[in-house]
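Asker: Chains as they are written, first to last, in numbering that gives the first Met the number 0: chain A, 0 to 81; chain B, 0 to 430.
Mixed in with the good hints there might be a few duds.
[What the hints assert, rightly or not] Each computed SDA-like pair below joins lysine to any residue, with the alpha-carbon atoms no more than 25 Å apart:
| id | chain 1 | residue 1 | chain 2 | residue 2 |
| --- | --- | --- | --- | --- |
| 1 | B | K262 | B | G194 |
| 2 | B | K94 | A | D35 |
| 3 | A | K30 | B | K136 |
| 4 | B | K262 | B | Y372 |
| 5 | A | K67 | A | T3 |
| 6 | B | K138 | A | M0 |
| 7 | A | K67 | B | R69 |
| 8 | A | K30 | B | K138 |
| 9 | B | K87 | B | R374 |
| 10 | B | K330 | B | E289 |
| 11 | B | K138 | A | I58 |
| 12 | A | K5 | A | P22 |
| 13 | A | K30 | B | P66 |
| 14 | B | K136 | A | A49 |
| 15 | B | K70 | A | E13 |
| 16 | B | K94 | B | P149 |
| 17 | A | K57 | A | T33 |
| 18 | A | K64 | A | D35 |
| 19 | B | K70 | A | P59 |
| 20 | B | K94 | B | G107 |
| 21 | B | K138 | A | G70 |
| 22 | A | K57 | B | Y132 |
| 23 | B | K138 | A | L41 |
| 24 | A | K30 | B | H146 |
[Stated by the list, open to error] Restraint-style ranges between C-beta atoms, simulated for each label pair:
| id | chain 1 | residue 1 | chain 2 | residue 2 | range |
| --- | --- | --- | --- | --- | --- |
| 25 | A | D62 | B | A23 | 12 to 22 Å |
| 26 | B | G139 | A | D9 | 23 to 33 Å |
| 27 | B | T60 | A | P22 | 12 to 22 Å |
| 28 | B | E189 | A | K67 | 24 to 34 Å |
| 29 | B | D341 | A | D39 | 53 to 63 Å |
| 30 | A | G20 | B | G264 | 36 to 46 Å |
| 31 | B | D394 | A | P22 | 57 to 67 Å |
| 32 | A | D25 | B | R408 | 29 to 39 Å |
| 33 | B | E97 | A | D25 | 23 to 33 Å |
| 34 | A | D9 | B | G264 | 52 to 62 Å |
| 35 | B | G139 | A | K78 | 18 to 28 Å |
| 36 | A | Q4 | B | Q67 | 25 to 35 Å |
| 37 | B | K136 | A | E61 | 20 to 30 Å |
Because the hints were derived from the structure by calculation, they are not lab data.
Note that beta-carbon positions come from the ideal geometry of N, C-alpha and C, so glycine has one too.
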Amino acid sequence: MAATQKEIVDGLAEIVNEIAGIPVEDVQLDKSFTDDLDVDSLSMVEVVVAAEERFDVKIPDEDVKNLKTVGDATDYILKHQA
Amino acid sequence: MSPTNRTVVVTGIGATTPLGGDAASTWEGLIAGKSGVKPLEQDWAAEQAVRIAAPVAVEPTEVIPRPQARKLDRSAQFALIAAQEAWKDAGFEAKAGETPASAADAAGSVDPDRLGAVIASGIGGVTTLLDQYDVLKEKGVRRVSPHTVPMLMPNSPSANVGLLVGARAGVHTPVSACASGAEAIGYAIEMIRTGRADVVVAGGTEAAIHPLPIAAFGNMMAMSKNNDDPQGASRPYDTARDGFVLGEGAGVIVLESAEHAAKRGARVYAEAVGQGISADGHDIVQPEPEGRGIAHALQNLLERTDLDPAEIVHVNAHATSTPAGDVAELKALRKVFGDEADHFAVSATKSMTGHLLGGAGGVETVATVLALYHRVAPPTINIENLDPEAEAHADIVRGEARKLPVEGRIAALNDSFGFGGHNVVLAFRTV
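Isolated chain A (complex conformation) (with noise of 0.2 Å):
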């Protein structure tokens, strides 16, 4: 079943929580992975492999750099999940 808009941003909130210790309430869709997330480029694959095996979703490394806010990964992940 496929998640919803706000299942895979509490999703994220939860990941980004996880790797970078950024307040859940804090994870938005208008917020940058880099720049408000204290998401580095290494880290930001960790959100990657966590939110694909999450969400059942394959996220290919060249699309990873067109993720820069949490709602470009919410709408690549709502196109692109099983």
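Use these hints to put chain B onto chain A, whose structure you have.
Answerer: Chain B only, in chain A's frame:
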């Protein structure tokens, strides 16, 4: 003093060890003769021949925030904790190049281009390497952490400490097995003595309590299998010694040119007189039984520094509790110093901390410097029957701490030797 032969002093100390989460609690434990050795309770320990070790007293994750800790190998976590303590202890309030929060004067600052970091470990990020290999096998390629390489590389502790303090004069990682920590401090002394830096954060760290290193050292017959008596297992100089007990942790000091320290009014613990280094050229793991290589290092120390043997009152011995190594070191001291060795109070602090491998030289330098500063030699515990060969060559501080001369300038040595035949002797004295 010429710019290439500057006097070097110790202005900060830090440690996290099996006896305590900082230098003060470690020193307290050493003076009280406490053992940090415990039974290994992990599931994997059940099938090991060696089921004892000396873990750190304070888990690093209690000190370092989780998001930062998960990007650091355990050995780098220890190094950062000890370095942070030493940095503050030296009176530095902020990262080099940043304005200190409170002091507007130069008391707590150093030019980042004149600041170095030299932190070493014997094995590097071995737990990260092995844990990530488990991830690879069990969960697949995609799940291997992207942080793996910067975590496992042997220079990770020095690089992270360098970033912590803002070091730009050079960040180095000399590797020489169990002599690594001492070699790091020796390298740092040279950086300052020869004018490359004014301040260097230096020491050793190790985190190798993991089934593979324990199985491997156990199969080498290098470790004590005295599983029934963990606290009594590390027993340097005892006739029943049967190998070392693996410890973990880090010891870090801040070294500084005497001139730089005086200019900012820093507290000075001791002078770092210098070092003697040699290689056995004998065997990849066995110590040369007569201590020839160690004697060579001691002679180099005497030739290259103005250390006065008459002032030496204490030796923090390498003494790991192995049958061959403990006595070879004492023979070398006697060979080089003759009757002067009569006034060396020799302590084997590994009887309490276990053997921290690359961390040993760091932690034992902290112990040596504090022994001079407080004028007390820590004891060697667990000697029930003193090996007559040890007794014949040296005055071992047994059972309880011993007061050192209360007046006059006194000096002490810290010995560290490593697999591969590396010998490093560091000398310190009161100021």
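Asker: All the hints need checking, so say for each whether the structure fits it.
Answerer: Status of each hint after checking the structure:
1. Between K262 (chain B) and G194 (chain B) the alpha-carbon distance is near 16 Å, which keeps this suggested pair within the 25 Å criterion.
2. Of the supplied pair hints, the one linking K94 (chain B) and D35 (chain A) holds, its CA atoms being roughly 23 Å apart against a limit of 25 Å.
3. Between K30 (chain A) and K136 (chain B) the alpha-carbon distance is near 35 Å, which puts this suggested pair outside the 25 Å criterion.
4. Distance hint between K262 (chain B) and Y372 (chain B) is fulfilled; the C-alpha atoms sit about 21 Å from each other, no more than 25 Å.
5. For the proposed pair K67 (chain A) and T3 (chain A), the alpha carbon gap of about 20 Å is at most 25 Å, so the pair holds.
6. For a cut-off of 25 Å, the pair hint linking K138 (chain B) to M0 (chain A) stands: about 24 Å separates their Cα positions.
7. At most 25 Å may separate the alpha-carbon atoms for a hinted pair to count; K67 (chain A) and R69 (chain B) meet this at roughly 23 Å.
8. For the suggested pair K30 (chain A) and K138 (chain B), the alpha carbons sit about 31 Å apart, so the restraint of at most 25 Å is broken.
9. Proposed proximity of K87 (chain B) and R374 (chain B) is supported: the alpha carbons are some 23 Å apart, at most 25 Å.
10. Of the pairs offered as hints, the one joining K330 (chain B) and E289 (chain B) holds, with about 7 Å between alpha carbons and a cut-off of 25 Å not exceeded.
11. Taking the CA atoms of K138 (chain B) and I58 (chain A), the gap is near 18 Å; set against the 25 Å cutoff, the hint holds.
12. For the hint linking K5 (chain A) to P22 (chain A), the alpha-carbon distance of about 17 Å falls within 25 Å, and the restraint holds.
13. A hinted pair counts as satisfied when its Cα atoms are at most 25 Å apart, and K30 (chain A) with P66 (chain B) qualifies at roughly 19 Å.
14. Among the hinted pairs, K136 (chain B) with A49 (chain A) is consistent with the structure: their alpha-carbon atoms are about 18 Å apart, no more than 25 Å.
15. Distance check on the hinted pair: K70 (chain B) and E13 (chain A) sit about 18 Å apart at the alpha-carbon level, within 25 Å; holds.
16. A C-alpha spacing of about 22 Å is found between K94 (chain B) and P149 (chain B), which places the hinted pair at or below 25 Å, so the restraint holds.
17. Of the supplied pair hints, the one linking K57 (chain A) and T33 (chain A) holds, its CA atoms being roughly 21 Å apart against a limit of 25 Å.
18. For the hint pairing K64 (chain A) with D35 (chain A), the CA-to-CA distance comes to about 16 Å; that is within 25 Å, so the pair holds.
19. Taking the CA atoms of K70 (chain B) and P59 (chain A), the gap is about 23 Å. The hint holds against a cut of 25 Å.
20. A hinted pair counts as satisfied when its Cα atoms are at most 25 Å apart, and K94 (chain B) with G107 (chain B) qualifies at roughly 10 Å.
21. Proposed proximity of K138 (chain B) and G70 (chain A) is contradicted: the alpha carbons are some 29 Å apart, above 25 Å.
22. Straight-line distance between C-alpha atoms of K57 (chain A) and Y132 (chain B) comes to about 23 Å, which keeps the hinted pair within the 25 Å bound.
23. Under the criterion of a C-alpha separation no larger than 25 Å, the hint pairing K138 (chain B) with L41 (chain A) is consistent with the structure, at around 19 Å.
24. About 23 Å separates the Cα atoms of K30 (chain A) and H146 (chain B), which keeps this hinted pair within 25 Å; it holds.
25. Checking the proposed 12 to 22 Å range against D62 (chain A) and A23 (chain B) shows it is violated: the Cβ atoms sit about 52 Å from each other.
26. Range check, G139 (chain B) to D9 (chain A): about 26 Å between beta-carbon atoms, so the 23 to 33 Å window is met.
27. Taking the beta carbon of each, T60 (chain B) and P22 (chain A) are about 19 Å apart, inside 12 to 22 Å as hinted.
28. At roughly 47 Å, the beta-carbon separation of E189 (chain B) and K67 (chain A) lies outside the given 24 to 34 Å, and the hint is violated.
29. The given range of 53 to 63 Å is respected by D341 (chain B) and D39 (chain A), whose C-beta atoms sit roughly 58 Å from each other.
30. Hint check: G20 (chain A) to G264 (chain B), Cβ distance near 38 Å, so the stated range 36 to 46 Å holds.
31. At about 59 Å, the CB distance of D394 (chain B) to P22 (chain A) agrees with the hint of 57 to 67 Å.
32. Our hint of 29 to 39 Å for D25 (chain A) and R408 (chain B) is violated, since their Cβ atoms are close to 58 Å apart.
33. About 26 Å separates the C-beta atoms of E97 (chain B) and D25 (chain A), a value consistent with the hinted range of 23 to 33 Å.
34. Hint check: D9 (chain A) to G264 (chain B), Cβ distance near 55 Å, so the stated range 52 to 62 Å holds.
35. Between G139 (chain B) and K78 (chain A) the CB atoms are about 25 Å apart, so this pair conforms to the stated range of 18 to 28 Å.
36. In this structure the hint that Q4 (chain A) and Q67 (chain B) lie 25 to 35 Å apart at CB holds, the actual value being about 31 Å.
37. Distance hint check for K136 (chain B) and E61 (chain A): the Cβ-Cβ separation is about 27 Å, which falls inside the suggested range of 20 to 30 Å.
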